[in-house]
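In case you want the letters, here they are:
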Amino acid sequence: DTAVSQTPKYLVTQMGNDKSIKCEQNLGHDTMYWYKQDSKKFLKIMFSYNNKELIINETVPNRFSPKSPDKAHLNLHINSLELGDSAVYFCASSHGSRSGNTIYFGEGSWLTVV
Amino acid sequence: TQLLEQSPQFLSIQEGENLTVYCNSSSVFSSLQWYRQEPGEGPVLLVTVVTGGEVKKLKRLTFQFGDARKDSSLHITAAQPGDTGLYLCAGGSQGNLIFGKGTKLSVKP
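Line by line, the protein sequences give chains A and B. When we follow my numbering, the leftmost residue of the first sequence carries the number 820, and every step to the right adds one. When we follow my numbering, the leftmost residue of the second sequence carries the number 1492, and every step to the right adds one.
In case anyone wonders, no lab produced these hints; they're calculated from the structure. Hints should not be assumed to be uniformly reliable.
Here are the simulated lysine-lysine pairs, DSS-like style, with alpha carbons at most 30 Å apart [claimed, not checked]:
1. B:Lys1561 - A:Lys886
2. A:Lys859 - B:Lys1548
3. B:Lys1595 - A:Lys863
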C-alpha cells in the first residue's frame, strides 16, 4: 500500500489553464506538505498543514492554493498556469511538525506547462 | 536566509570505491537529515542527526554532524551500483526543513 499517494503523476497542460493535484496519506500523520522540485533538482517547501491548519506558507504566487479537507488529504490547486510552474510537485507527510521528524514523500507529480 | 551547500554537485565513480559528500552552511540547525532520491521517485529518509559531533552508521554509509551543527558529511564505503541516486541534505530550524541542492551520485559496475 502506498503511504503517500498523489495524482496525477504526469500532467501536461497549456498556459493559462487551472489544474489540481490531489494527495492522500494513509499513515495517520497530522502534518502534510507540498514541495516543489525544479529542473535543477532543488527541493523547496511551498506549504505545510498541521491538523488541517496552514502553518507554513512560503513565498509562492497566490495562484497556488492548497486545500485540506481533512488530515489525510492536501490538494494543490493552481490557477492561470505559467511556463515557470513546470516542475515536479511532491506531497509529503509527517507525524508532528517538528523539523527533525521523518518526512514521507509521495512519488511526485510531473507538471509541464506548454 | 539559511542555505545548505552540497558538494560535489556530481560524482561518478566505479563500484568498490569510497566517497564522501558534504553539506555545509553558515547557519546552525537543530537537526540535519539525509535523503536519497532515485529517478521517478520521491526522497526517502536515510538518517537524522541531532547532536553536534554525532556519528551514525547505516551499513556502508556513515553520517557525521559537525560539532557546531552547521555541517554534515556522508561517507560511503565500497560503493555499489544500487547506491546511485541524488543525495539531499536537509536542515531543520524553527519547524521548517531546508534542502540543499543535492549530490548526484553515479556508481558504475
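Hint check results:
Proximity of Lys1561 (chain B) to Lys886 (chain A) is assessed by CA-CA distance (about 35 Å); at most 30 Å being required, the pair is judged violated. Using a Cα cut-off of 30 Å, the hinted pair Lys859 (chain A) and Lys1548 (chain B) holds, with the two alpha carbons roughly 29 Å apart. The hinted pair formed by Lys1595 (chain B) and Lys863 (chain A) meets the criterion: a straight-line CA distance of about 17 Å does not exceed 30 Å.
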